[in-house]
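Enquirer: Input sequences plus hints: build the corresponding full structure.
Protein chains in written order, with this note's numbering: chain W, 1 to 260; chain F, 1 to 330; chain P, 1 to 289.
Honestly, the hints are just simulated from the structure, not real lab data.
Be aware that a few hints might be false.
[What the hints assert, rightly or not] Partial chain F-side listing against chain W, Cβ under 10 angstroms, derived:
(1) 199
(2) 204
(3) 211
(4) 217
(5) 220
(6) 222
[As the list claims (entries may be wrong)] If you want the ones that stay clear, here's a sample from chain W, every Cβ over 10 angstroms from chain F, calculated:
(7) 86
(8) 107
(9) 118
(10) 215
(11) 231
(12) 250
Just so it is clear, CB atoms sit at the ideal spot from N, CA and C, and this is done for glycine as well.
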Amino acid sequence: MSAFLLEVDGLSKHFGGLAAVKDLSFQVSRGEIVGLIGPNGAGKTTAFNTISGVLPPTQGRVLLDGRDITGRRPSSIVSAGLARTFQSTTTFAEETVATNIEHALLSRIKGSAPQRLMRRTHGLLVPSDVASEVDRILEIVNMQAWRDVPAGTLAYGLQKKLGIAIGLATKPAMLLMDEPAAGLNHEECNELTRLLRKLQKEYGLTLLLVEHHMAIVMEICERIVVLVHGEKIAEGSPAQIRANPAVVQAYLGAPDYAHA
Amino acid sequence: MTTQLTAGAPSTPGAWRTSRSRGLAVACAVAAALAAAWPWAAGQFVLHLAILACINIVIVNGLSLIDRCGQLSFGHSAPVALGAYGSVLFSSALGVGTVTAAALSLVAGALVAGVLGWVILRLRGVYFVLVTFAFAELVRLVLLDAGSITGGANGIAGIPPLSIGGFAFDTRERFYALALALAIASVGFMVWLFSRPLGRAMTAVAANPALAESTGLSVLRLQIVAYIAGSVLASVGGVLTARYIGFISPESFATGASVAFITMLVIGGRKSLYGPMLGALVLTPLPEFFRGAVQTQHIFYGAALILILRFLPGGIAGVLNIKAAWRSAK
Amino acid sequence: MDWHLLIGQATANGLVVGLLYLLMAVGFTLVFGVMRMVNFAHGEFYMLGAFAAYFFTTKLALPFLPAVALSFAVAIVVGSLVEWFILKPFRKDELNGMIVTIGLALILQNIALMMFGPDPVSMPSIASGATTILGITVANSRVVVVGFAVVVLLLLYAFLRHSRAGRGLRAVVEDSETAAIQGVRARIYYPLGFGIGVGLAAIGGALMAPLFSVSPFMGQTPLLKAFMVVILGGLGSIPGAALAGLCLGLLESYSTLFLSSSTADMLIFLLVMLGMLAFPRGLIGRGEA
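Expert: Here's what the structure looks like:
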């Protein structure tokens, strides 16, 4: 067991001449909730894509629990225990909510071809437990009522919750969440905050969020990393970040906005 | 048969519906058994068409398998050709029995598909289509060129029939039994596979590859598995073709064949597990209705493809679903 | 001494064939770039152009250049109509659109078979004799064809670079997202792109008709070559397709100096496969629309 669950070390991503992420380094400890913030175009989603395997990094390493997962395929990284959600809703639109979650469980089914194909070793499920696991996850995100509804017909907020449920179904040690609050109304935001806390406290999940919604970030994140133009300009507790003049100038703006 | 036909039915409580759908199932099964047995009583010509239809069912199921994992091969004639030529060449080169040669050609076909798939399945959609098309052309060229081994443009004639321990499948009646069994087995295999986690994983990959990848399912590995399995099914069809017709040449495995398989899949219905079967059953005897007017037949195929995709994207299977649902709702 | 001649001859042949591939590939890329659709009927429009040129020169006794121009016009009109009436529902549906173009190819090829029969016909030659350039003998008919092809390409370049319609078309092909943001009107560009794309194939067919024979089956090989070219040069890049087309023509010509033509085809296919192994992620990035 390594000291940190996630270590990002000197991560860089260049697109042709453009450096979207420059020499990014930070660590996330077990059970932490860390926020990644910065203005639009700062490279946050690119960093996410590089960490989760969607894009290969130009330079640098990513370690999950001490194991090098740099440049591996997304499915392999998920099997190792790092899952992510997406900014825009993405579901198996024609299937029901329950089937969506079932799809995400497939590589965990012990003895099944997907499990053997992915060589997954932890978080395995006996086939007869699949149904109850689906129920368990529906309960966590409070979506039992929508179990048999086709995912494509769900309201936006529910689709986002389904996205989280799908991520949870892979039984990750850590969840990367790409703007989970985007497009949510006030009530849904409160629910999200409660959910994130529950995931951390009750299920021992480690979370890394990219978020623009400052209230949520300041409330729930224990540590914040600030990215501007692809570079980390600050890292610290919410209070430290709020007080940091460079951050305020680059992103947070006037002090009273930061206290929103 | 039942589950698929009544799948579109609205839920109506009550015992009357269960017994009604059970009655429907029995009726369908009896009808299907009668239809399958009919060629034995209907003469050589019908047997011939039935055998060809069964072979096509196996081949198109293979294409469907690849399609259901999210990639459509426009060069499905290649594994068919490899199975046909492979089984013939293995038996003449190694002097082994017909069944052993067939098994060897399937193994070889699986290896080729595995290697090829590993390279080309990294490509998405359009590029994959182009490459499979080009590869099928390449296979045809190689077969034409390697005249000393493959007989070149003249092909290989006088292929001996399949025989298992002295029992030769040398009459149409016997061969039909074999072809029918394999056709039914291929449909059964598809239904079984897609009820298992592996099949459901393939369905997920086809529905949303990026999301499937993010749930821990390797799109590439699953598509390679589908591609190998689909190619092996096609090769089985190739072996049957060679052993039934007794003559093979590169022209029987040209782009026209790949197009025919896609046509059968589309017209039968890409969404349904019974689509390949329906497409093969309807389209195999069709040339007979056009008695020699090959061009008109092909124009009909082309028009049918366009019209079905435009107005009946579910194909024949889709039409049957609608009818069954409507019937149950009355 | 002999080598110079052989290579020179191969270069001359390669350029002629390369120009043909270029025309096919650029047209193919235009169609793909605008509509994100692989056009399996592209070869049949090539064939259509050849038959149109044949018809105009033999039955209507038109001179060659007007016949080619007229074939182009016919192809643009037919192409635009086909796009509007048959392909429009599949504008957002790549895969089914491709299958529809297969149906289209079946229809076009068999109409030609019904009208002209399966046997190849040959056009009267457009120029007699031969010229010697740099010690290489080239048939005059080829010189004329190459000349016309170059003119067509220059006109195409001018159109894509300097006309509003052409620039819009390029924008849609090379960067459809930005084009959409800038409100480039897709509705016109779909039939226009398809029409011009297949028109280029038709010009290719019309130009090559006097050099090779004309038959309803003549579209198959150019279609396959167009596929290889765009895999090499990348779909969605017009200059890439042009360059790759020329290179493929030259490569084929040179390799037939040493190998049989089908072995050359096989080697080129293997090269393409190796290229894909070397740049898998790069191609994936382009592969998905």
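Enquirer: Hints first: check each against the structure and report whether it holds.
Expert: Right, here's what the structure says about each hint:
no.: 1; hint: 199; result: holds, 9 angstroms
no.: 2; hint: 204; result: holds, 4 angstroms
no.: 3; hint: 211; result: holds, 5 angstroms
no.: 4; hint: 217; result: holds, 6 angstroms
no.: 5; hint: 220; result: holds, 7 angstroms
no.: 6; hint: 222; result: holds, 7 angstroms
no.: 7; hint: 86; result: violated, 8 angstroms
no.: 8; hint: 107; result: violated, 4 angstroms
no.: 9; hint: 118; result: violated, 6 angstroms
no.: 10; hint: 215; result: holds, 28 angstroms
no.: 11; hint: 231; result: holds, 27 angstroms
no.: 12; hint: 250; result: holds, 31 angstroms
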